[in-house]
Amino acid sequence: MINTNDILQTIQMIDHQHLDIRTITMGISLLDCCDPDPHAACRKIYDKITTSAEKLVKTGEDIEAEFGIPIVNKRISVTPIALVAGASRTTDYVPFAAAMDKAAKAVGVNFIGGFSALVQKGMTEGDKKLIAAIPEALAVTDVVCSSVNVGSTKAGINMDAVALMGRTIKSAAERTADRGGFGCAKLVVFCNAVEDNPFMAGAFHGVGEAERVINVGVSGPGVVHHALQSVKGQPFDVVAETIKKTAFQVTRMGQLVAREASARLGVPFGIVDLSLAPTPAVGDSVARILEEMGLEVCGAHGTTAALALLNDAVKKGGVMASSSVGGLSGAFIPVSEDEGMIAAAQSGALTLDKLEAMTCVCSVGLDMIAVPGDTSAATLSAIIADEAAIGMVNQKTTAVRIIPAPGKQVGDIVEFGGLLGSAPVMPCHTGSAEEFVARGGRIPAPMHSLKN
Amino acid sequence: MRAIVTVIGRDQVGIIAAVCALLSEKNVNVLDISQTVLQEYFTMIMLVDASQATVPFARLREDLAEAGKERGLDVRVQREDIFDAMHRI
Chain G
1 MINTNDILQT
11 IQMIDHQHLD
21 IRTITMGISL
31 LDCCDPDPHA
41 ACRKIYDKIT
51 TSAEKLVKTG
61 EDIEAEFGIP
71 IVNKRISVTP
81 IALVAGASRT
91 TDYVPFAAAM
101 DKAAKAVGVN
111 FIGGFSALVQ
121 KGMTEGDKKL
131 IAAIPEALAV
141 TDVVCSSVNV
151 GSTKAGINMD
161 AVALMGRTIK
171 SAAERTADRG
181 GFGCAKLVVF
191 CNAVEDNPFM
201 AGAFHGVGEA
211 ERVINVGVSG
221 PGVVHHALQS
231 VKGQPFDVVA
241 ETIKKTAFQV
251 TRMGQLVARE
261 ASARLGVPFG
271 IVDLSLAPTP
281 AVGDSVARIL
291 EEMGLEVCGA
301 HGTTAALALL
311 NDAVKKGGVM
321 ASSSVGGLSG
331 AFIPVSEDEG
341 MIAAAQSGAL
351 TLDKLEAMTC
361 VCSVGLDMIA
371 VPGDTSAATL
381 SAIIADEAAI
391 GMVNQKTTAV
401 RIIPAPGKQV
411 GDIVEFGGLL
421 GSAPVMPCHT
431 GSAEEFVARG
441 GRIPAPMHSL
451 KN
Chain P
1 MRAIVTVIGR
11 DQVGIIAAVC
21 ALLSEKNVNV
31 LDISQTVLQE
41 YFTMIMLVDA
51 SQATVPFARL
61 REDLAEAGKE
71 RGLDVRVQRE
81 DIFDAMHRI
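Taken in sequence, the protein lines are chains G and P.
Position 111, counted from 1, in the first sequence is what my numbering calls 111; the numbers after and before it change by one each time, with no gaps.
Position 60, counted from 1, in the second sequence is what my numbering calls 60; the numbers after and before it change by one each time, with no gaps.
Among these hints, one or two may not hold up.
Said to hold, decoys possible - Computed beta-carbon distance windows for the label pairs: (1) G/GLU61 - P/GLU70: 21 to 29 Å; (2) P/LYS69 - G/PRO70: 40 to 48 Å; (3) P/ARG10 - G/VAL140: 49 to 57 Å; (4) P/GLU66 - G/VAL319: 36 to 44 Å.
Calculated directly from the structure, the hints in this document are not laboratory data.
Cβ coordinates follow ideal geometry from the N, Cα and C atoms, glycine included.
Using the sequences and the hints given, assemble the complete structure.
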């Protein structure tokens, strides 16, 4: 029989350290739903999603009961809608989002991602119509998430799209002003977006993927934090090794659940994404892990190095545990969703500039950050451009999920509730980037993109 | 299907008897038992075979938790695979 201590350790992790499967996400290709008639296309989308994911929630709940491991979210990602809707004779893409929303609610998932466009090199007519529909689509739907990829290491940065996304974020916030600009919490602007990410709001089902696929996202900042408490004061080699071992255990659990879900649903297993995804609950924070390494507060000098070590050790533990580690795998740093980050931002210790530096070494980018409501579209675009540049040059995924909270000033708090938490409004630089953003065109791909 | 039953709580008369009676009632076979008492805290771990159980796994889980609650014990059942996956290479 398995060692008693091992069994008790697992139970401790689940009960007291917030170990959970963060999401089982079913990726569904909608490429066969194209139709010149937009109504027919929407009907096909609804039918395909509801038949494919009919048993997803029930299966998740069954696995949860048998293994005694919480599965927090069941979600769906679909083919970027710009590719599907592009075939339809219509200028209004909002009904496509409505169809996704209706289908997601019918099968009981809590988010559906893929109201997306990939425009890193240029925009098709379909891409333009999709981006134009984003503010309205996010306002009239509840569970639809949207993402736009504006740059890549191979293609460079599409600055026309960057300018457009600044304005889109601004209008998504205004369109949902009654809810603190909630629409922006469901909108991600990417550079180097990945096709198999199971986490929201940036999940979509890439065109290189199969008809259907099961991707699983595991989390466990609390488990890592707890493990590090036992190696206080020891050298970083020990810290890295401890994180690796913990990440290994967590990923193995994810792999088990992913294979089980895949077998029961008859859908191929895609990847396990081991991402330390914090929640607003105390004891489930990435910031507190960084502080455990010896920093007084997250945001102090040393934070970037601590995060670099954490992100790398998580990946190494994960790779050993599963041959199919994918998605974003690493450490997320969403401000509003992390109790320690919220505290650090409120005290002024954590600034937008430090967060930008941290995105060079974390798994994604500037995430769930609220800025004053009067921040200009050009400033938002410039923030996106900076972040995309980091991603492009470092060949990593970066993203911006920023909320210019309507009517809010620095020091205010925007409440989103649930896993999205509450965001302290943070100051951004006030120097104008109007002329910079107005140039448009494309920032060429870096030298090291020419590998062939 | 093999599963692990864990019972954690304050030590008292009849814990093993009560859990075993419930398992036997549902036709769940006990394969191995280990138990320790640490500072009045009782920890019992049982390896069981639930493949011939007369009730679905989810129901077994609820019944065990319910029976534990009456005695102030935390009783749970989880498939063995999860512990294997996390602790064995």
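Hints and how they fare:
no. : hint                           : in the structure
1   : G/GLU61 - P/GLU70: 21 to 29 Å  : holds (26 Å)
2   : P/LYS69 - G/PRO70: 40 to 48 Å  : violated (19 Å)
3   : P/ARG10 - G/VAL140: 49 to 57 Å : holds (55 Å)
4   : P/GLU66 - G/VAL319: 36 to 44 Å : holds (42 Å)
In terms of the numbered hints stated before, the structure departs from hint 2 and from no other.
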